[in-house]
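Asker: Each chain, letter by letter, is given below.
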Amino acid sequence: MKPSAFAYARARSLDHAIELLRGEPESRILAGGQSLMPTLNMRLSSPRLLVDINHIHALRDIVRRGDWLEIGALVRHVQAEEAPDVAALAPLIAMALPHIAHPAIRNRGTVGGSIALADPAAELPACILALDGEIEIAGAGGQRRVKAEQFFKGLFETALGPHEVLTKVCVPVVRAGERFGFAELARRHGDYALVGLAARAQAEGSALRDPRLVFFGVAATPVRARAAEARLAAADLNGAVAALERDLQPADDVHASAAARRHLAGVLLRRVVAQLREGGRA
Amino acid sequence: MNDVVEITLTVNGEEVRERVEARKSLVDFLREDLALTGSHVGCEHGVCGACTVRVDGVIVRGCLMLAAQCDGCRVETIEGLSDAGEIADLQAAFEARNALQCGFCTPGMLLTAHDLLENEPAPDRARIRVHLSGNYCRCTGYQAIVDAVEAVAQERSTKR
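So the protein lines, in turn, are chains P and S.
Quick note on the working numbering: the first sequence kicks off at 935 and runs consecutively.
Quick note on the working numbering: the second sequence kicks off at -17 and runs consecutively.
These are calculated hints, taken from the structure and not from any lab test.
In this text, all values refer to a predicted model and were calculated from it rather than measured experimentally.
A couple of the hints might just be wrong.
So the derived list for chain S, only partly shown, Cβ under 8 Å to chain P, looks like this [claimed, not checked]:
hint : residue
1    : -16
2    : 26
3    : 27
4    : 41
5    : 42
6    : 47
7    : 51
8    : 112
Cβ coordinates follow ideal geometry from the N, Cα and C atoms, glycine included.
Same shape as in the complex, but just chain P (with noise of 0.2 Å):
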């Protein structure tokens, strides 16, 4: 299908943009587009106004800050994957990236599109909310920084006002010993996946430290298995497998049963922790 009629808007910079989406309350970003445009097409979503910000030049550079790797909004998917500095400061990124849709569609689509769009089966929300990130957010009244934890609030739904623009996606950088792991099913490769797990982990010695598993496509959020997380602490992988029961809660629909996404997320489980042991990538 075609789009409703809408007008378009080229921002200039940030400030610009800000004050283009306050003049238009049915306005909308439009980044990379790649799920933007779908939702237009499709007549989900109709707005007045699209904000261009593909032009606003300081969104695009993959800086390192301290102990912090800060990740511009328009970063694409392909600068990402092809950017040193992610492959060796947080490879849990890394190896999320080629899972993510078609190389066409990884050339336009943007990291912080990713992460404002929320939508439950993608990669990117779940890898931030492993690595305990942070997502820096301008608005009128000025800067602030949100944890993933508080930032992903339910289905498509986010911190972020309805004035308001993702700049900056941060995630700590590798620490010694960090672990990470990285596994989705998919029926064809880059579709959304039916279920899927990104985690990190602290190795010490045979055992892992601090685990956080996150799934994506099992809820309306990515969500964090925590009963799973405890069990592997302590060194019970079939602990960990069987916990999976408590933590994830997932729906039917049309491409899996819950009973069939369940028994998914413990071979994921399995595939993730050897991944995690080795300290190998994906």
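Using the hints provided, position chain S relative to the given structure of chain P.
Answerer: Positioned in the frame of chain P, the structure of chain S alone reads:
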């Protein structure tokens, strides 16, 4: 802030200046305003890959970018790549191996396959399948397409 946007861009090497509706997709602009109908409109939500074109040197979905966003861009379509002879070997291999039947997906397949071979000269079959995963073909079952791309990868690497 406008419902109609004036854009200047190059399409297959030629400068184009047009006024376009803000909501018009790049692929509709190419087909309806410029009569370049080689890029196809399939699903219109980024799933099928039939609308694949190149913008500033990289492949994109023509249905997920607005024409209004292409001001100042360099756009290349199957017509341009074909006329330039850039993908003649891929086209010949697709024909020789029956890697198309109805042909609807073929322009997108060719652009995506060429993109892979430009960036990775010696992909194995699994890599070819992953790279083409965003392009649906409802006729061939993909086997012949992967054969054709694999053959051209080998041909191009012996010529290097």
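Asker: Taking the hints in turn, state whether each one holds.
Answerer: Here is how each hint holds up against the structure:
1. The closest approach between the C-beta of residue -16 of chain S and any C-beta of chain P is roughly 6 Å, which is under the 8 Å cut-off, so the hint is satisfied.
2. Because the closest C-beta pair between residue 26 of chain S and chain P is about 5 Å apart, less than 8 Å, the hint holds.
3. Taking 8 Å as the C-beta contact cut-off toward chain P, the hint placing residue 27 of chain S at the interface holds, the least distance being around 4 Å.
4. With its C-beta approaching chain P no nearer than about 4 Å, residue 41 of chain S sits inside the 8 Å limit, and its interface hint holds.
5. Taking 8 Å as the C-beta cut-off, the interface hint given for residue 42 of chain S holds, the closest approach to chain P being about 5 Å.
6. Proximity of residue 47 of chain S to chain P holds as hinted, the smallest CB-CB distance being about 6 Å (cut-off 8 Å).
7. For residue 51 of chain S, the interface hint holds, the least distance from its beta-carbon to any beta-carbon of chain P being 6 Å, beneath 8 Å.
8. Evaluation of the residue 112 of chain S hint against chain P yields a held restraint, the C-beta minimum of about 5 Å falling below 8 Å.
When each numbered hint is compared with the structure, no violation occurs for any of them.
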